[in-house]
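Novice: Listed below, chain by chain, are the residues.
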Amino acid sequence: MKKDDAKLMSMVAEGDMEALEQIYRRHSQFVYRVAFRFLGNESDAADITHALFVDLVTRASKYKPHANLSTWLYRVVVNRCINWKKAAPQRLKAQIEEMDAVDATTLDEEEQLEALDRSRRHGEVRKAVASLPPRQKMAVTLRDFEGLSYKEISHAMGCSRRAVESLLIRARRALMKTLNSG
Amino acid sequence: MNCNKAERFIVARVDGELSESRSLRLDEHLRFCPECRRFSEQLQTLTARVRDVCEGVDEVADGATMDRIWEGVRIEAARELKAGEAGKRRRSRWKRLGRDDERVFLGLPELGMGVVSLLAGLFIGSWCFFSAYGFPGSWESSKKGPAVSSQKESVAKTRFKKTREGRQSWNYTGPGEHKMKQVASGGDGRKNEEKSRFAERSLVAEAFGDEAGLGMRLNLNGVYCEP
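Line order of the protein sequences matches chains A and B.
Quick note on numbering: the first sequence equals residues 0 to 181 in numbering that gives the first Met the number 0.
Quick note on numbering: the second sequence equals residues 0 to 226 in numbering that gives the first Met the number 0.
Careful, some of the hints might be misleading.
To be verified - Partial pick of chain B residues on the chain A-facing surface, computed with a CB cut under 10 Å:
hint: 1; residue: 20
hint: 2; residue: 23
hint: 3; residue: 31
hint: 4; residue: 33
hint: 5; residue: 34
hint: 6; residue: 50
hint: 7; residue: 75
Everything labelled a hint here was simulated from the structure, so no lab data went into it.
Yeah, the Cβ is synthetic: ideal placement off N, Cα and C, and Gly gets one too.
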C-alpha cells in the first residue's frame, strides 16, 4: 500500500531512510527536471536535487501536512534555482549548444537536415529563455516546460496569481522580441 | 475592454486559464483590434515553439542519473541523521535535567561541569582582584614600605644651609645625621666641602642602596665609602 507524503515525511523526521527513498523516487524527477530546465546543465541540476533531498532530512520535522509536498518541493527548488550561482555566459552557451547537439551519423540526409534545423530552432529558444531575468525565466519554465497552472506557479514562486500573469506577459514579450529579431 | 486587459486575457487563454465568458469578451475585442489579433497569433506561435523545445528533455533524467544522485543523498542523509541524533540526545539531556525524578541521575555530568565552571570563575575572578590590589604577601611588604618611603622623605628633607663661616654644610635630620655632624666638624673649608660632597653621596647610597647607582659600597664599619 502506498503511504501518503505526510506519513512518509513524519517517518523521515524520525530517521527512516526507506521513507526518504520512497519520497525521492516519487518526487526527484520533477525536482531534477525543473533544475535542469532552469539552469540548463545536468551537473547543476544533480547538485540541486542532491542538496534538496539531503536538506529534506533536517527539514522533515518542520513540514506541515496541510501543504502538498510537491508544492513545497517546487517552492524549494524554485528558490534554489533562482539563487543558484549564475553560469558564465560562455559556459551557458556551450551547455545550450551541447543540449541540442545531434548525433547525425545514423540518419539519412533528409533526416539529418531536419534534425539540424530542429536543433538550431531549439537552441535559439533556449538561448532566448536563458537570457530572461530569473523570475520570468522560472515562470516560463514552470508554465511552458512543466505545465503548471497559474495557481501552482503562484504557490511555487510565493507570489500572487496576478504577479504570475505579469511575469508571463513580460517574459513572452521579451521572447518574441528576441526570437523575431534573431 | 482595453488593449492591456485584452493582452492579459490573450496570455491566459493560451495557457488555458481563461474562463468561457472572458473568452467571449476577448473574441469581441479581437474582432475590432488588429493589434491585439496580431499579438494573439504571435503568442500562439511562440508558445508552440517554446513548448516544442522541452520534448526530449525528460530523457535526461534517466534512471541511472537518478540512482547516482540517490546514492549521494543516502550517504549524506545518513550522516545528517547521525549528527542530528547526537544533537537531539544532547538537547534531551538538558531538557530531562529539569525533571525532578531524573535530576540527580542524569544531571551528574552537567553538575560536574557546573562546579568546574564555578571554580574556574572564582579562580579567574580572584586572580584579577589580587593583580589589581596586590597579593596577600605583598601586603606585608607594603607595611614595611613606609619605612623606605620615610627614608626617602628624610633624604628629601636634606637641604643646604649656610654656616657662620660661609661654608656649605648639611642640615640633615634623618638616620645618617651622625655622619653630617662628622662632616660639619671637619678642618678647613676645601676639605670640608669634599667631605660634605662625599657625605651627600653616602647618604643617598644609604637611603637608596644600589638603586642610586653611585658606585658606593659599605665598609666594615657599616658606612658607605668610595670603592
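Novice: Would you pick out the hints that fail for this structure and give their numbers low to high?
Specialist: Numbers 1, 2, 3, 4 and 5 - these are the hints that the structure violates, sorted from lowest upward.
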